[in-house]
Amino acid sequence: MPFVTSRPLAGGEVGDDSEGPGRSSRLERFHLAAIVDSSDDAIFSESLDGGITSWNRSAERMYGFTAAEIVGRHSRLLIAEDRRERELEVFERVALGERIKPFETVHRRKDGAPVEVSLALSPIVDAAGRRIGISAISRDVSETNRMRRSLTQARDAAEAANRELEAFSYSVAHDLRSPLRSIDGYSEALVEDCEAQLSPDGRRYLGFIRESSQLMARLIEDILTLARVARGDLVVETVDLTGLARGVASRLERRDPERAVEVVVENWLTADCDARLMTVVLENLIGNAWKFTSKRTGALIEVGCDTGGGNRVFFVRDNGVGFDMKYASKLFGVFQRLHSTHEFEGNGVGLATVQRIVHRHHGRVWTESVVGEGTTVYFTLNGDVA
Amino acid sequence: MSLAGQNIDRALLLVEDNPRDADLILRSLKKNHLLNPVVTVHDGEEALDYVFARGAYAGRQALPQVVFLDLKLPKLDGQEVLRAIRADERTKYLPVVILTSSDDELDLVRSLVGGANSYVRKPVVFAEFSEAVRQLGLYWLILNEAPQSA
Chain A
857 MPFVTSRPLA GGEVGDDSEG PGRSSRLERF HLAAIVDSSD DAIFSESLDG
907 GITSWNRSAE RMYGFTAAEI VGRHSRLLIA EDRRERELEV FERVALGERI
957 KPFETVHRRK DGAPVEVSLA LSPIVDAAGR RIGISAISRD VSETNRMRRS
1007 LTQARDAAEA ANRELEAFSY SVAHDLRSPL RSIDGYSEAL VEDCEAQLSP
1057 DGRRYLGFIR ESSQLMARLI EDILTLARVA RGDLVVETVD LTGLARGVAS
1107 RLERRDPERA VEVVVENWLT ADCDARLMTV VLENLIGNAW KFTSKRTGAL
1157 IEVGCDTGGG NRVFFVRDNG VGFDMKYASK LFGVFQRLHS THEFEGNGVG
1207 LATVQRIVHR HHGRVWTESV VGEGTTVYFT LNGDVA
Chain B
2 MSLAGQNIDR ALLLVEDNPR DADLILRSLK KNHLLNPVVT VHDGEEALDY
52 VFARGAYAGR QALPQVVFLD LKLPKLDGQE VLRAIRADER TKYLPVVILT
102 SSDDELDLVR SLVGGANSYV RKPVVFAEFS EAVRQLGLYW LILNEAPQSA
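Chain order of the listed sequences is A and B. If you read the first sequence in our numbering, its first letter stands for residue 857, the second for the next number, and so on. If you read the second sequence in our numbering, its first letter stands for residue 2, the second for the next number, and so on.
I should point out that these hints are in silico values taken from the structure, not numbers from a laboratory. The reader is advised that the hints may include incorrect statements.
One-sided and incomplete, this derived list gives chain B residues near chain A with beta-carbon spacing under 8 Å [said to hold, decoys possible]:
| no. | residue |
| --- | --- |
| 1 | L25 |
| 2 | R28 |
| 3 | K31 |
| 4 | S102 |
| 5 | V125 |
Label-pair distances were calculated between CB atoms; the ranges are [claimed, not checked]:
| no. | chain 1 | residue 1 | chain 2 | residue 2 | range |
| --- | --- | --- | --- | --- | --- |
| 6 | A | Y1183 | B | N145 | 49 to 59 Å |
| 7 | B | G116 | A | E1199 | 32 to 42 Å |
| 8 | A | R1110 | B | Q136 | 52 to 62 Å |
| 9 | A | E1051 | B | L139 | 18 to 28 Å |
| 10 | B | P38 | A | A1017 | 47 to 57 Å |
All values derive from a computational prediction rather than experimental measurement. Ideal Cβ positions, reconstructed from N, Cα and C, are used throughout, including at glycine.
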């Protein structure tokens, strides 16, 4: 079915009058008609009182009416009953010359089936500036909406499952603490109260129990931290990262006074971030650097920031054992470890926590490392790109 | 009468429903030579019976020197116990230390708003737990002056 007009659309009438209805104007009209006809959107025009005056091919497909059936009839026929009042009100406003944005509504096919559309109505004006009709572009958004709804549903379900899982792991970790305190406490009580009755093996085994329960305590605290950083709002303020990093380093120095580690922190590092969470990041990164330099002399940890193109890349660098870069992708997974506990203590929760915090700050975290030479962990914050 | 002499007779009221935790607290107190009598109760209702000298505790003598109060308790929970203590003229200044496993920010805020004197999270590692109990005992049983009334 060709593009039927009982009255020409724009283009024919909006042309420059001085040019007259010449050949170029007719050609232009053909071009426009071809464009209108090949559009995937239903395009039709209406008179100011709502009578349909033209109807393209897509309109035939979408609504099930042929041009012959619909031209001359009132466009309210196309509107789902419960939307009629509102849509005709919009139509009136456009007929009075108001410009409105495309809006979503529900139309009705010839067979009565509803179709969700995005509808753009605009006035058609003649050469003299008089409003002579309204053009309507109607796009079927049923499928898009259906997909959007199912995506939203899937996302909501995934988020809910994730929250549930997080709440679950949080409460499990939380509830493990009390029995663990008993295990640790009574192991100590046994050593203190009954040491005389214990054989050397018995004492050794008790030592293992206490050692294990303390590792588990640490693990539980780390899992709780990981769960906590995902919850709660960020309190973003300008934070003195230099001060935070030096604080972390001096705590490590107090904890391991026998270690000789040179920690060099760049002056005047600040960032807009959550101070509490950024402390967790630096504790993990500097703590790792501290740990992985423990088997060498001349240990050096550097904390600083590279600035390039207005973007800031923070880094924590060490000259420790390093790791094989082929494992780099595993580094940020929970419980992923690249060293045995025999070599270096740890439980593989720290970097997962770091990554989560950096992501919450719209940043990115990655590493560079050479076995035997050291590791650098880089991170950005607040959408800075590297 | 010396203050120290007075204090040493006055009880610590320990409100703790986990018998193992209660036992470990007692052990830590004893180990650290904090010898005040300790009255252990296992739920919120029993705690209030003791505080207000009613029911099974109708005959109790002085107010406790301090209350160590867990939050998750059967019957009345710790927040409710705290509220009842603060609402009563006789006990509104009674020192109450929240000693809990909870690290929920909301529990902390509610406790402080409710008039808790202190909020302490129970450490998991026993050495730290024992140290926390030692410091709390030393401060609240020996150094701090608690009101004598009722």
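We went through each hint and held it up to the structure:
Because the smallest distance between the Cβ of L25 of chain B and any Cβ of chain A comes to about 4 Å, under 8 Å, the interface hint for this residue holds. Evaluation of the R28 of chain B hint against chain A yields a held restraint, the C-beta minimum of about 7 Å falling below 8 Å. About 11 Å separates the beta-carbon of K31 of chain B from the nearest beta-carbon of chain A, more than 8 Å, and the hint is not met. Nearest Cβ of chain A to the Cβ of S102 of chain B: about 6 Å, under the 8 Å cut. The hint holds.
Nearest Cβ of chain A to the Cβ of V125 of chain B: about 4 Å, under the 8 Å cut. The hint holds. Y1183 of chain A and N145 of chain B have their C-beta atoms about 54 Å apart, which keeps the hinted 49 to 59 Å range intact. At roughly 51 Å, the beta carbons of G116 of chain B and E1199 of chain A sit outside the given window of 32 to 42 Å. In this structure the hint that R1110 of chain A and Q136 of chain B lie 52 to 62 Å apart at CB is violated, the actual value being about 19 Å.
For E1051 of chain A and L139 of chain B, the Cβ-Cβ distance of about 27 Å falls inside the hinted range of 18 to 28 Å, so the restraint holds. In this structure the supplied range 47 to 57 Å holds for P38 of chain B paired with A1017 of chain A, their Cβ-Cβ distance being about 51 Å.
This entry does not satisfy hints 3, 7 and 8, going by the numbered hints stated previously.
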